[in-house]
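There are 2 protein chains.
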Amino acid sequence: MKMRRSSFPVLLLLIAFASSTGVAADEGMWTFDNPPLKQLKDRYGFTPAQQWLDHVRLSSVRFNDGGSGSFVSPNGLAITNHHVAFGQLQKLSNAQKDYVRDGFYARTQAEELKCTDLELDVLMSMENVTARVQGVVKPGMTEKQALDARKGERARIEKESLVSTHLRSDVVSLYAGGEYWLYRYKKYTDVRLVFAPEQQTAFFGGDPDNFTYPRYDLDFALLRAYENGRPAATKDYLRWNAKGAADGELVLVSGHPGGTERELTLAQLETQRDLIYPERLARNKRQLQAVRAYAARGPEQARQAADMIFGLENTIKAFTGEYNGMDKNLFDKKRTEEADLRAKVASRSISSGSELAGLARQIVVYVAEIKKPDAERLDGYHDSQLDELKFYLFSPAPIYPEFEEALLTQSLQDSLDQLGTNDSFVMAVLDGRQPAEVAAQTVRGTKLKDPAFRKSLVEGGAAALAASTDPMIVLARKADPYFRDLRKDYEESVESVLTSAGEKIAKARFAIFGKSIYPDATFTLRLTYGTVQGYPMNGTKAPSKTTFYGLYDRAASFDFKPPFNLMPRFIERKDKIDLPTPLNFVASLDIIGGNSGSPVINRNGEFVGIIFDGNIESLTGNFEYIEETNRAVAVHSAAIIEALRKVYDAAPLADELIGH
Amino acid sequence: MKMRRSSFPVLLLLIAFASSTGVAADEGMWTFDNPPLKQLKDRYGFTPAQQWLDHVRLSSVRFNDGGSGSFVSPNGLAITNHHVAFGQLQKLSNAQKDYVRDGFYARTQAEELKCTDLELDVLMSMENVTARVQGVVKPGMTEKQALDARKGERARIEKESLVSTHLRSDVVSLYAGGEYWLYRYKKYTDVRLVFAPEQQTAFFGGDPDNFTYPRYDLDFALLRAYENGRPAATKDYLRWNAKGAADGELVLVSGHPGGTERELTLAQLETQRDLIYPERLARNKRQLQAVRAYAARGPEQARQAADMIFGLENTIKAFTGEYNGMDKNLFDKKRTEEADLRAKVASRSISSGSELAGLARQIVVYVAEIKKPDAERLDGYHDSQLDELKFYLFSPAPIYPEFEEALLTQSLQDSLDQLGTNDSFVMAVLDGRQPAEVAAQTVRGTKLKDPAFRKSLVEGGAAALAASTDPMIVLARKADPYFRDLRKDYEESVESVLTSAGEKIAKARFAIFGKSIYPDATFTLRLTYGTVQGYPMNGTKAPSKTTFYGLYDRAASFDFKPPFNLMPRFIERKDKIDLPTPLNFVASLDIIGGNSGSPVINRNGEFVGIIFDGNIESLTGNFEYIEETNRAVAVHSAAIIEALRKVYDAAPLADELIGH
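Same order as they appear, the protein sequences are chains S and E. Using my numbering, you'd call the opening residue of the first sequence number 1 and step up by one each time. Using my numbering, you'd call the opening residue of the second sequence number 1 and step up by one each time.
Next comes chain S alone, as it looks inside the complex (with noise of 0.2 Å):
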């Protein structure tokens, strides 16, 4: 793991800038309104029909919180990974019953738990507005006047799209703003767990092995769209193939890649490196520190903690090995005065991973750009996105006070030991007060736990809002004029500059290669083809698939000692399993973080196995796909039908899911 995706800091989200030219024969991410058919044709042999593409478009499905997955029964049946689940999981678990440490089995739909706030997507729709998006621009316009101008053009389209079809609708920008394009997406807000295995088995080989492979997990999940209390009727749906994909074949995914850097100029990669890269992992260690001390407190507290814990080591070992893979012989110098400036802006947070904080900020700016025209507000709170967000606001998943305080100690002591005591954000949030003390007095006194209580805010109005005296409210409002400035500011002196020259670089680029080329992800919906294929490693070769054998070998190998220890189901049941069977398997497919749960897919269409992780090479697949050794890692689809019959007594779901 993890292809989940990570959150980037608006900072970071650099426009790319236009450097490469050639594609790798199996690598791209292609848009579904632009599909790679020469390629395929050419290496494979294989023209998908239009139908082919409709139906694969139409199965796939995205997780709004970070990841893919696809549609595998009739019956609004969705597949995803574990640790795609993982946040929902541990929702619905509490300190009586674990989910997450347990696993889950819905014996029937009534026993089927419904998920607190996830939506799923599915693209129903494409539609280019280039034109409309920059014809807004007018000579003579400023940078800042242009980005303004395409902003509110896109809120316009989304509006009167949303309005008119009731579809979720999207203005995406792709190629750097060389094109824009509307998607529609049909939106599932009543989704229910109907199976995940233990985090143990899922997640076999735990941080060690995350990211790397040969691989032995059952990294999946299942659960069901509901559509006016009754499960969904999906008519597109992936059939299951349970023989899944020979060494040698073609396999296509389809998921969402949530972002890529490929077009950097030497320039920005260096920044990325000298800068960005080391900020950030030395930031997010400090966060992990944090955590895992929470975590010690206890059982229930480690329960908390856990789903953040693994997304911060993820993201530690992913960065680090995107880090690792820039050439360090490249560059020399060291720019420690802008590194020093980008920590301090960085500090200046009291949100990071606290949900009460992200909640009292969202309302806080949620009050202020609801009065403003739609054209004018922040990203975020645009009339088209405001379903989403009151999902989201309105959430009834639970909150840990204790976590909390915990999370907002460590992120306010941060800002202080990154600023200092004269900082002015920090003389602000703290008001000459201990971290600790603030991070108390204002979660325990706090009553946006209740999801009633941020409903009242919401709809009283600013009004409301300036007289609440909830103190994590006040802290929000005493922080809300930093982010402000910090947003003007990025807007202004890079967001503005980098888009308009990036689209001036993507138009020149247009004028070359047309779309013969693939836009960097965006956390929409793409095409990925590869071959199923081992690669060469630390001087031999990495088969292109594992089996059952290989778990268990690798947990005797280490004693059986955590993270390679077995649930006691599989030592039970060892004799049962036909061990030869494939448990994991790799192809050279272009996909990152946010492809997690994605289907594999074969010629015929059919699901033969579920992406959740790239391999250690793949690590710099942000800036490039190498196609010697990038891996994609996916579970087998004859190894979740052998899990789900032999070791978790759960026939009917696998019948349902081989269509008899």
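Everything labelled a hint here was simulated from the structure, so no lab data went into it. Take the hints with a grain of salt, since some may be wrong.
One copy or two, it doesn't matter: identical chains are merged, so the pair holds either way.
Claimed, not checked - Each computed DSS-like pair below joins lysine-lysine, with the alpha-carbon atoms no more than 27 Å apart:
| # | residue 1 | residue 2 |
| --- | --- | --- |
| 1 | K574 | K561 |
| 2 | K243 | K574 |
| 3 | K114 | K478 |
| 4 | K541 | K317 |
Based on the hints, put chain E in the right spot on chain S.
Frame of chain S, contents of chain E only:
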């Protein structure tokens, strides 16, 4: 694999210079006169008694064709690697019975097969003769005179010892001439094959997995030393511990590392990287191509060529790893002129791989050298060395004329290609004809295939040899002056200078470090220690051991395709084998080629495994030992017992090993 010793051309035997100073915690190949008592005590709290050291030494066996082993029963039973016994297995096979492919098991002592030319040595005593060897060098001597004087004195010491003790007597140089020791060995020349698994079982994973880990190889063979036609009574032997060593446990290795170059100067390392390695790799690859072409002619040819193909692949992989371990950014020079010269010199050979050409060459040299006073002869032809030489010269081991012809053709063609038609050596040996023609005429016409004919030539002396019209002898006579010139040049311009300079530096190092450091490896008995432990590998952890599960996983992962196929008996008896049984394991032991077959011993002096390889990270071991990742790879003692009992129906042998 393979820790089998490579034979280095004399030109490449650069004498070590002093440069490094420190020794890592588990580093070192220590002589038995100077065991690492302080390190063992400080790090492991272990103080072996003198009796422990003597017992381990007397249980250790040197396989004179390039490996190590140990006695493991009181009845002369010795264990080594399959790949050390490979040559003997091949010599005992023929077109009808192929013990390399099919394995071998003597169910009774009567069925044990006598090896054709295998000598086992046991180190009985060590005597410091430094003062005597260095004492013959007088003030005013040139470097060459000093070298000759030392060589003469060494030969005298060896001969005196041989006459008085009837033990094989070698004066060995340690610490680059800083010390000279007289080592006396008890020899066993009647050695019989008892058991060997199929090569595919011993070398599962083939060249891809060679020099890597995790591994799943049963790389062992059992032989029995005889004296006077009866199994030798070997009072000193290692008791078998079928539990093996635990993760984190101290283990020790007693074996014969072939050679290291740990003290090379920067300039010498540069020479290795820029000249010696590339040239040697290119030459080995040319030869491998020719040998593979020969093997492709048919199954019997493939059988004949198998050991040589294995050896060349093994050498190429090792050299490539060593070469890649040298930091290429360190230097940027190219000394093509010197490289060219070295390539030419190396090409003046007729005997690369051809047994007959090698025999002819040795007979020609033998007859010339034997006339001289003992002290003045070339090394290898001293009185004390004649027994061993004759054991080889008169061996009844089979010779395959068709293979010989292919090898000689390749060697002559290589000389022609590298040196051109006008080279005096090429003109002398080819005389205007094509390489294939010369090879055919020479191999088909020679009677050297017959050991009796070789004996008659040796006993006939100079006159008989000069009169011989045997075409292989004629060819060897033509080539002889070139080899003599080359050797003389090397001694005068390189060896005498380097030995003398090395001795000076070694003396300087002694003044500083004394024997707190260990001497470079010299294929003499050494003691090495380390911990059973995994290591960081490719983004995750390699475990300290593997299990039989892993064998089946890796085979199934590659769909049982060679070199990952399993012998039928492993398929048939899968359910009989206790799959969690440890198969291979790793420890931070400082070993190198020549250590193949060395016993791994616990603090009780018990046998817990047998060394058969190093991991890919250990391939820089010739130049440096890196404790974090350098690992020796061994077969686990439990795996050998499990395989003998459950797979090979060889319970009596397992009983003999475990002592009941």
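Structure-based check of all given hints:
no.	hint	verdict
1	K574 x K561	both (18 Å within a copy, 26 Å between copies)
2	K243 x K574	both (21 Å within a copy, 24 Å between copies)
3	K114 x K478	neither (37 Å within a copy, 91 Å between copies)
4	K541 x K317	both (23 Å within a copy, 14 Å between copies)
This entry does not satisfy hint 3, going by the numbered hints stated previously; all others are met.
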